[in-house]
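Chains as they are written, first to last, in this note's numbering: chain E, 1 to 114; chain S, 1 to 114.
Careful, some of the hints might be misleading.
Since copy identity is lost for identical chains, a pair holds within one copy or between any two.
Said to hold, decoys possible - Quick list of in silico lysine-lysine cross-link-like pairs, DSS-like style, CA-CA up to 27 angstroms:
(1) K22 x K99
(2) K22 x K104
(3) K99 x K36
(4) K104 x K36
(5) K45 x K104
(6) K32 x K104
(7) K99 x K45
(8) K23 x K104
I should point out that these hints are in silico values taken from the structure, not numbers from a laboratory.
Protein chains: 2
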Amino acid sequence: MSIASDILRGHTDGIILARLCKKDSYGYEINKSIQKITGNTYELKEATLYTAFRRLEEAGYIVSYWGNELTGARRRYYSITDSGREMLRSLRAEWEESKRSIDKLMDESFDTDN
Amino acid sequence: MSIASDILRGHTDGIILARLCKKDSYGYEINKSIQKITGNTYELKEATLYTAFRRLEEAGYIVSYWGNELTGARRRYYSITDSGREMLRSLRAEWEESKRSIDKLMDESFDTDN
DNA sequence: CGATATACCTCGCCTGTCAAGGTATATCAG
DNA sequence: CTGATATACCTTGACAGGCGAGGTATATCG
């Protein structure tokens with residue numbers, strides 16, 4: 001099962017930052033690791049991924065540099081900044097909070113008496 | 001803390017259907033109950049709510065009818081259809097699945113060895 | 001030599017959110 | 001009686017993120 005793009009939206013930035021918080025990486029690798037971790041459930045389309053990189057770099061959350069591969073295609077590496085780490089912290093908190101809310105709202109047993 | 005609109009997106013339909021699965025209701029009441037349940041964390045803006053009703057009704061997931069209030073402003077009630085109940089089942093499943101994936105991806109302790 | 005994997009990128013469409021604006025009824029304080 | 005607030009509905013247009021479709025280049029393997 002693949003996840004609707006409307007659900008992906010809003011998590012893209014956090015997911016990328018979370019990956020980069022582990023280690024510097026590049027587009028292709030990040031994409032593969034996301035697929036691997038989720039067993040192909042969650043997939044960022046390339047266009048989505050690269051627009052996200054532009055957005056995050058412009059916002060100062062990541063910086064990029066070219067790798068010096070001696071063979072194969074060139075890679076553009078990304079590195080998370082302090083400001084990016086802080087953003088990530090806040091996105092994780094938002095995720096926990098929204099998860100709780102959505103769980104309540106989607107739960108069939110939950111009820112109000114208003 | 002309020003939740004970013006990019007996270008709301010993708011859950012709006014499911015949340016509305018979940019509310020209507022309990023009982024027929026109308027826009028204003030649904031909105032208030034969402035706020036109450038989540039302690040004002042999750043808030044659908046009116047414009048968003050009413051666009052969602054149009055969308056869901058056009059898709060055949062809900063039907064509407066005017067209430068016969070003897071006093072106060074008129075209310076348009078919504079009722080979930082069989083097709084809507086089926087959609088809700090599938091949205092709940094998608095939520096569980098995406099929650100698991102995003103949890104893994106946002107988790108700081110999780111790692112790959114690729 | 002053609003297919004496949006790695007690796008990058010952009011353009012333009014589509015869709016859902018929402019600020020801003022509007023309508024109408026009822027209640028309550030001053 | 002007047003103004004504020006709550007209830008209750010609605011539309012328009014701007015905006016932003018996802019992504020289909022298209023493109024480039026290198027390396028490997030049958």
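Violated hints, by number in ascending order, as checked against the structure: none
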